[in-house]
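Asker: Starting from the given sequences, assemble the full structure and let the hints guide the process.
Order-wise, the sequence lines are chains A and B. Residues in the first sequence are numbered consecutively from 1, following the numbering used here. Residues in the second sequence are numbered consecutively from 1001, following the numbering used here.
Everything labelled a hint here was simulated from the structure, so no lab data went into it. Small disclaimer: the values here were computed from a predicted structure and weren't measured. The reader is advised that the hints may include incorrect statements.
What the hints assert, rightly or not - Mimicking DSSO-like on lysine-lysine, the simulated pairs with C-alpha atoms at most 30 Å apart in a straight line are:
1. B/K1129 x A/K93
2. A/K110 x B/K1010
3. A/K127 x B/K1346
4. A/K165 x B/K1346
5. A/K127 x B/K1344
Said to hold, decoys possible - From chain B, some residues computed to sit far from chain A (all C-beta separations above 12 Å):
6. L1094
7. D1100
8. E1332
Beta carbons: idealized from backbone N, C-alpha and C, even for Gly.
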Amino acid sequence: MMTAAVASASSSTHRQNIGEVILAMENISLAFGGVQALSDISFDVREHEIRAIIGPNGAGKSSMLNVINGVYHPQQGTIFFKGEKRHQMDPHKVASQGVARTFQNIALFKGMSVLDNLMAGRNLMMKTGILQQALYWGATQREELAHRAKVEEIITFLEIESIRKTPVGQLPYGLQKRVELGRALAAEPSMLLLDEPMAGMNVEEKQDMCRFVLDVNAEFGTTIVLIEHDMGVVMDISDRVVVLDYGKKIGDGAPNDVRNNQAVIDAYLGVQH
Amino acid sequence: MFYRENGQFKTSYEADQALFPIMQDRVFIVVLLLVAFVGIPLLADEYLFRAILIPFLILSLAAVGLNILVGYCGQISLGTGGFMMVGAYAAYNLAVRVPDLNMLVVFILAGLITTVVGMIFGIPSLRIKGLYLAVATLAAQFFLDWLFSRVKWFTNDSSSGSVSAPVLQVFGFRWDSPVEKYLFVLSVVVLFSLIARNLVRSHIGRSWMATRDMDVAAEIIGIRPVYAKLSAFAVSSFIVGIAGALWGFVHLGSWEPLAFDVNRSFSLLFMVIIGGLGSILGSFLGAAFIVILPLLLNQVPHWLGLPMSTATAAHFEAMIFGALIIFFLIVEPHGLARLWAIAKEKLRLWPFPH
Ligand SMILES: Nc1ncnc2c1ncn2[C@@H]1O[C@H](COP(=O)(O)OP(=O)(O)OP(=O)(O)O)[C@@H](O)[C@H]1O
Ligand SMILES: [Mg+2]
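Answerer: Printed below as a string of structure tokens:
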């Protein structure tokens, strides 16, 4: 059933060819006190590709995303982004380089409307000063309207027109996940990090989400790093897969190779090491 | 029935993002402004100006300032009284030491001085949250209490820290009578409420609300927490400082630090909580509740013809007042502004609720 969604999406738009390495993680190690969340992990992400990170619970997948966007600073290892070595960098700085993300536990601004959440996703691009905003008319109004038009495109794309004025706290879980994707997209990122975007969704919602992810990738050429537990989804939509287990990398490659990798099978079947 | 948006289709995002997108709201606000600027000056008596309208307006302004910090940015503050005090004494010192300065300039400078002080006391918010921040801002309140009662320079060497403001004079015109003072305060309050409203619907306002709702996520979409929090402290303090200067110059005339003690901070916090956190309108409703209700309650035994001593009446007043606050918070924790929104929603569907 997932394949149907995939087929329809990929037929509608032509996908951009996968390009050069845009993000390289080299020998990343991260520990929290005694817990080694990531040990000596290296992998790369190529431009325009959909790169999945999979692994059992507690494998370190979310930690890896947090390292990529600067929430956690690894004790060891180097990160190259767009060819440049990245030094310790705060999340807002990473955001300004074109990296957006969603969270495993939805992290929307619950008191704000869908529209405001998406507009906030573009805050980074808004430049008018505080005095201009105090006056509003003129520069600020023009800026707000220009960004509103962009945000409306995303609202249409995600088919959430009817809820644009609703406070997100009042929305059901599946829609919140969609709005969170919208907020990330609003920033027009070149790289999108998605932490279990389909977790807790029903089949229909999952299909929708798959379609959106594929469309984003195809239409805007956005590079996507995706954490997902649903193997069907991963096999269907990703170009390459990294497998983590207990903070170590145990597999890396095309979906089919990974599926047949003995270490990966063991990890998923819970074989004792 | 009368509050319908039917047929008012917005054909542009501009119309949708207008200050008051719904036509009835626009009419309402115009009528309200007409009543405030024309009707009330013609009708109200001196007592009403002095005891109710002027304090209500100034405290509304202070509540708007505080609401930006607490309601929009989620940074709790118990130092509002202290920041009003900074505004009042800053304006006093400027007016006394630089006598030729235009009073409008004095007020703006007093606001800016309060901005600086507010930002300094806002620095702890970069590290601590919630109750800890409340305690830190309470410390600011006590420090400012101490500063203005002990350091004689600020009070022009007066003994108890009590000072008298010169008569309010702007553009060669003396705003001396109650109605003149009222109009002056009203203009300032309308202006700054508009500014506050503009800020909260612009990107700086979204950065405050994002920080309030989920600071980690805010940072990840590129909002710098340092900037969001400190700018909220700055804007909030600026408005609170101006409210403080007005409170001193227009409402009190002469004052001492006690007029801006921690009780003032608490009552302002009540106003924004009862009125509605994160609502400009709520700041006004909350101020009305806190300022006007005690006065009304005070009159109740009199209206009912109950023979009651003033002391008993005062006790009753306090009890009923407290009970009402609790009642409102239970019925509608989101404050009066939310009740207002619900009422509008009902009215919009009335008489067919489906
Ligand atoms: N902030 C933190 N403080 C302490 N330990 C942490 C922190 N974040 C993650 N960990 C630990 O690091 C390890 C990896 O966690 P992580 O959340 O990255 O796993 P995950 O692969 O995303 O798991 P899941 O599938 O359950 O989301 C776990 O043992 C977790 O307890
Ligand atoms: Mg996780």
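Asker: Given the hinted pair A/K165 and B/K1346, is their Cα-Cα distance within 30 Å?
Answerer: Holds. A/K165 to B/K1346 sits at ~18 Å (cutoff 30 Å).
Asker: Please work out if A/K110 and B/K1010 have their alpha carbons no farther apart than 30 Å.
Answerer: 26 Å, holds
Asker: Given the hinted pair B/K1129 and A/K93, is their Cα-Cα distance within 30 Å?
Answerer: 23 Å, holds
Asker: Was B/D1100 rightly flagged as not at the interface, with every chain A Cβ beyond 12 Å?
Answerer: Nearest chain A Cβ is 26 Å from B/D1100, so the label holds.
Asker: A/K127 and B/K1346: Cα distance at most 30 Å?
Answerer: 39 Å, violated
Asker: Is the claim that B/L1094 lies outside the interface with chain A correct, judged by CB distances over 12 Å?
Answerer: 22 Å, holds
Asker: Take the C-alpha atoms of A/K127 and B/K1344, compute the straight-line distance between them, and say whether it is at most 30 Å.
Answerer: Violated, at about 35 Å.
Asker: B/E1332 clear of chain A by more than 12 Å, beta carbon to beta carbon?
Answerer: Since the minimum Cβ distance to chain A is about 16 Å, B/E1332 lies beyond 12 Å and the statement holds.
Going down the numbered hints, you'll see the structure goes against 3 and 5, while the others check out.
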